[in-house]
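Listed in order, the protein sequences are those of chains A and B.
Sequential numbering from 0 applies to the first sequence in numbering that gives the first Met the number 0.
Sequential numbering from 0 applies to the second sequence in numbering that gives the first Met the number 0.
A hint or two may mislead.
Computed list of lysine-lysine pairs in DSBU-like fashion (alpha-carbon distance at most 30 angstroms, straight line) [stated by the list, open to error]:
hint: 1; chain 1: B; residue 1: K172; chain 2: A; residue 2: K207
hint: 2; chain 1: A; residue 1: K193; chain 2: B; residue 2: K224
hint: 3; chain 1: B; residue 1: K172; chain 2: B; residue 2: K207
hint: 4; chain 1: B; residue 1: K248; chain 2: B; residue 2: K260
hint: 5; chain 1: B; residue 1: K193; chain 2: B; residue 2: K172
hint: 6; chain 1: B; residue 1: K224; chain 2: A; residue 2: K344
hint: 7; chain 1: A; residue 1: K26; chain 2: A; residue 2: K207
hint: 8; chain 1: A; residue 1: K269; chain 2: A; residue 2: K389
hint: 9; chain 1: A; residue 1: K213; chain 2: A; residue 2: K129
hint: 10; chain 1: A; residue 1: K78; chain 2: B; residue 2: K269
hint: 11; chain 1: B; residue 1: K207; chain 2: A; residue 2: K26
hint: 12; chain 1: A; residue 1: K72; chain 2: B; residue 2: K248
hint: 13; chain 1: B; residue 1: K106; chain 2: A; residue 2: K245
hint: 14; chain 1: B; residue 1: K317; chain 2: A; residue 2: K389
hint: 15; chain 1: B; residue 1: K26; chain 2: B; residue 2: K36
hint: 16; chain 1: A; residue 1: K82; chain 2: B; residue 2: K344
hint: 17; chain 1: B; residue 1: K267; chain 2: A; residue 2: K36
hint: 18; chain 1: A; residue 1: K72; chain 2: B; residue 2: K78
hint: 19; chain 1: B; residue 1: K317; chain 2: A; residue 2: K193
hint: 20; chain 1: A; residue 1: K72; chain 2: A; residue 2: K260
hint: 21; chain 1: A; residue 1: K213; chain 2: A; residue 2: K82
hint: 22; chain 1: B; residue 1: K82; chain 2: A; residue 2: K72
hint: 23; chain 1: A; residue 1: K193; chain 2: B; residue 2: K245
hint: 24; chain 1: B; residue 1: K260; chain 2: B; residue 2: K389
hint: 25; chain 1: B; residue 1: K72; chain 2: A; residue 2: K317
hint: 26; chain 1: B; residue 1: K213; chain 2: A; residue 2: K78
Counterexamples of contact, computed for chain B against chain A with all Cβ distances above 12 angstroms [stated by the list, open to error]:
hint: 27; residue: L109
hint: 28; residue: P165
hint: 29; residue: S169
hint: 30; residue: E234
hint: 31; residue: Q392
hint: 32; residue: E411
Hints are computed from structural coordinates only; laboratory data are not their basis.
Glycine included, C-beta positions come from ideal geometry on N, C-alpha and C.
Protein chains: 2
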Amino acid sequence: MLAEIITIGDEILIGQIVDTNSAWMAKQLNLIGVSVKQITSVSDDEQHILEALRLAETRADLILITGGLGPTKDDITKKTLAKYFNMGFRNDAAALEMVRQIFEKYKRPLLDINIQQADVPDGCEVIVNKNGTAPCMWFEQNNTIFISMPGVPYEMMYLMDDEILPRITSSFKLPFIVHKTILTANIGESFLAKEIEEIEDSLPAHIKLAYLPKLGQVRLRLSAKGDNEAELHQEVEVYAKQIISKVNKFVVTDEDIPLEKAILDLMKSKGLTLSTAESCTGGYIAHLITQHPGSSAVYWGGAVAYAYELKESILGVKESTLNTFGAVSEQTVTEMAEGAIEHFKTDYAIAVSGIAGPDGGTEEKPVGTVWIAISSKHKTVAKVFNFSNKRIQNIERSAASALAMLLNVLKETV
Amino acid sequence: MLAEIITIGDEILIGQIVDTNSAWMAKQLNLIGVSVKQITSVSDDEQHILEALRLAETRADLILITGGLGPTKDDITKKTLAKYFNMGFRNDAAALEMVRQIFEKYKRPLLDINIQQADVPDGCEVIVNKNGTAPCMWFEQNNTIFISMPGVPYEMMYLMDDEILPRITSSFKLPFIVHKTILTANIGESFLAKEIEEIEDSLPAHIKLAYLPKLGQVRLRLSAKGDNEAELHQEVEVYAKQIISKVNKFVVTDEDIPLEKAILDLMKSKGLTLSTAESCTGGYIAHLITQHPGSSAVYWGGAVAYAYELKESILGVKESTLNTFGAVSEQTVTEMAEGAIEHFKTDYAIAVSGIAGPDGGTEEKPVGTVWIAISSKHKTVAKVFNFSNKRIQNIERSAASALAMLLNVLKETV
């Protein structure tokens with residue numbers, strides 16, 4: 000079964016928002032064996048939407064449409080769908096009831112434009128949206144299903160999880176798609192490719208291998224498609240094992256999880272605790288860690304010490320160290336990491352101090368100079384990096400490098 | 000001038016990565032007066048790429064293509080472009096020299112597949128990529144420009160900023176597109192629409208108004224298109240002023256910046272300082288603040304206090320408060336905020352303590368219960384929120400609500 004995703008809204012095409020919906024939907028569809036053929040973002044323009052629907056109908060069995068369902072004048076998806084399917088409008092009782100309940104909950108008066116949110120093309124089936132005022136609409140035409148959803152991420156996610164995905168799995172016999180991901184660090188894409196060339200060449204036609212590089216890590220993804228799920232799992236496991244044994248020292252994990260989650264899992268299994276002492280990464284490492292459920296079992300917390308005063312008061316960095324060597328130095332980052340171990344009483348600590356930019360660089364320490372230290376109770380290792388002149392990149396690359404360093408220390412010591 | 004963006008790569012269609020490139024490219028193109036008509040994501044499949052190129056050529060004057068240029072076998076963009084334009088291959092001397100330099104810098108041996116990265120379709124112009132081994136390629140056919148770039152974000156960004164955008168602006172006479180954004184908080188989309196209905200109805204055809212709701216905020220965007228830039232700026236300013244005076248008490252800023260940046264700007268102009276004390280948001284608020292250049296003038300730092308021990312040791316929360324009322328309580332969050340003021344010596348502090356989930360909820364305090372406090376030297380306000388059962392959403396909504404609360408306190412006191 001082939002699906003396409005169409006997102007409607009000028010805000011994506013002028014770059015004001017990043018389309019995170021499509022990746023999430025694609026992931027869920029793949030999990031139930033539906034392949035996504037194309038993702039298309041079009042403007043709030045009738046002719047353009049009609050053309051996108053027409054082309055998608057020639058390629059796909061299932062078309063998921065998000066956006067353009069708000070109550071305001073710039074939202075024209077509903078009108079355009081009615082035109083595409085040549086339908087009139089009805090005010091849907093169940094959709095109206097949901098709008099009423101939402102307005103009652105927030106004790107707000109119901110306006111005419113809110114009542115109109117329950118107007119739908121008369122040939123569609125309404126799926127009630129419990130988290131918002133725009134109903135979800137299901138159309139069928141020439142064996143293709145069209146589903147229109149609001150673009151607000153959590154409304155779309157609830158509708159997909161609770162309504163749409165279950166309906167699709169129960170209505171269709173779908174092939175299985177099995178993915179297996181291996182996360183590697185500290186090896187470049189080309190070298191990895193050369194190392195595993197023979198394994199790659201031996202893959203059967205229904206199994207594909209992809210390389211996904213990001214911030215010093217390369218994710219290898221094996222994807223197998225077929226009718227027998229158990230067999231597919233076995234097959235990808237065989238190839239995954241071959242790859243892992245070939246490049247073992249670069250393998251972080253064979254689960255499809257980010258580096259920090261792999262570290263959390265490893266530390267949790269050993270009963271180890273972690274804290275952070277961040278300057279230029281400004282809480283980003285803490286955020287990466289704490290976005291994962293269960294992180295509190297390992298991560299106790301930390302300091303975001305932007306000002307000198309906080310480096311001293313929370314982490315116990317000596318004033319003389321800051322004055323002699325500067326905040327971005329081996330000495331300061333070492334005292335930050337060791338201070339975190341001492342004050343936060345964890346087994347390991349990460350410390351980062353650098354110049355994220357765009358200001359603050361000097362000839363000796365240009366923007367992008369970042370010191371990272373990893374401490375355990377017995378030992379501290381510190382290393383300097385020279386990243387780019389872009390602030391957000393420096394923050395992200397510092398975090399990725401700090402986590403990779405922590406993993407190396409853990410591999411050596413536990 | 001109309002542009003389209005085509006991203007090539009299975010990783011987007013299986014939802015393994017979010018396509019952030021397209022939004023960034025669209026934003027840059029809009030700034031120079033190029034409208035993006037469509038963004039299309041297709042798989043690493045020859046027929047599909049060829050069809051996407053053909054359709055885009057019928058609609059656009061400029062087609063930006065990213066992805067599929069890696070050295071590995073799953074990357075087929077270059078071969079497919081050669082087929083589309085009916086070209087052979089040449090090994091490009093400038094591209095090869097860049098590959099050599101990069102491998103020299105990292106002291107890695109040059110492999111055959113790396114040398115092949117300098118192979119390009121023989122009718123294209125090569126734009127050297129200083130940050131990676133895949134060259135950028137510029138094609139022209141039937142008055143349409145096709146530009147193929149690597150999908151690695153920072154390589155693409157450098158090529159766009161330093162090479163492609165300057166070439167486009169100097170080669171074409173482009174219309175101007177002027178955007179003006181007004182950020183509002185604490186008012187729903189429909190109510191906002193009703194408040195400014197008359198102004199919206201009075202807009203001329205070349206000025207559009209869009210509503211962009213997100214996390215309790217609504218961004219209003221006026222977009223004007225025409226040949227006289229100064230006139231367009233004047234026009235949107237007139238309508239923006241009308242809107243701002245109509246809904247003044249909900250307006251955060253009339254710049255296209257996020258809430259935390261508006262707060263930083265306001266606090267900086269008044270010489271005020273800020274610290275944070277985060278539990279369930281785990282450093283996310285600190286990260287939102289510190290991603291902005293110049294944040295160190297206002298933000299001194301803070302604590303990520305996940306464990307009870309750190310709430311006590313860094314923030315001075317009393318053990319008896321934690322034991323009597325729990326970590327998620329008005330009393331604890333108040334002591335966290337006041338502790339931050341006292342220990343970090345800032346003028347204002349944000350504190351957040353809640354149950355982000357999925358575990359840790361109780362009947363009395365279900366997942367999504369979040370206490371937020373804002374302290375100044377004179378006063379603390381605390382408020383409880385009941386968000387959803389999804390961890391990431393709870394973190395994001397807690398941060399957005401904390402920032403909105405801080406803004407309200409600042410508006411009342413400074």
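> Within a Cα-Cα threshold of 30 angstroms, do K72/A and K248/B meet the stated pairing?
Replying inline: 23 angstroms, holds
>> What's the verdict on K193/A and K224/B, does the C-alpha distance respect the 30 angstroms limit or exceed it?
In response: Roughly 51 angstroms between the alpha carbons, so the hint for K193/A and K224/B is violated.
> Within 30 angstroms, alpha carbon to alpha carbon, are K317/B and K389/A?
Replying inline: At roughly 42 angstroms apart (the allowed maximum being 30 angstroms), K389/A and K317/B break the hint.
> Can the restraint linking K82/A and K344/B be considered satisfied, given a maximum Cα separation of 30 angstroms?
Replying inline: Violated, at roughly 62 angstroms.
> K78/A and K269/B: Cα distance at most 30 angstroms?
Replying inline: The given pair, whose Cα atoms are some 49 angstroms apart, is violated under the 30 angstroms limit.
> Does the claim that Q392/B lies outside the interface with chain A hold up, using a Cβ gap greater than 12 angstroms?
Replying inline: Non-interface label on Q392/B violated, nearest chain A Cβ at 6 angstroms vs cutoff 12 angstroms.
> Keeping to a limit of 30 angstroms between CA atoms, is the pair of K26/A and K207/A held or broken?
Replying inline: 17 angstroms, holds
>> Just to be careful, I want the Cα atoms of K269/A and K389/A compared with a cutoff of 30 angstroms; is the pair within it?
In response: 37 angstroms, violated
> Hey, K213/A versus K129/A, does the alpha-carbon distance stay inside 30 angstroms?
Replying inline: Violated, at about 37 angstroms.
>> K172/B and K207/B were given as a pair; does the straight-line alpha-carbon distance stay at or below 30 angstroms?
In response: 23 angstroms, holds
> Within a Cα-Cα threshold of 30 angstroms, do K213/B and K78/A meet the stated pairing?
Replying inline: Answer holds: K213/B to K78/A is near 24 angstroms, not above 30 angstroms.
>> If I take the minimum Cβ distance from S169/B to any residue of chain A, is it greater than 12 angstroms?
In response: 22 angstroms, holds
In terms of the numbered hints stated before, the structure departs from hints 1, 2, 5, 6, 8, 9, 10, 11, 14, 16, 17, 18, 19, 20, 21, 22, 23, 25, 27 and 31, listed from lowest to highest.
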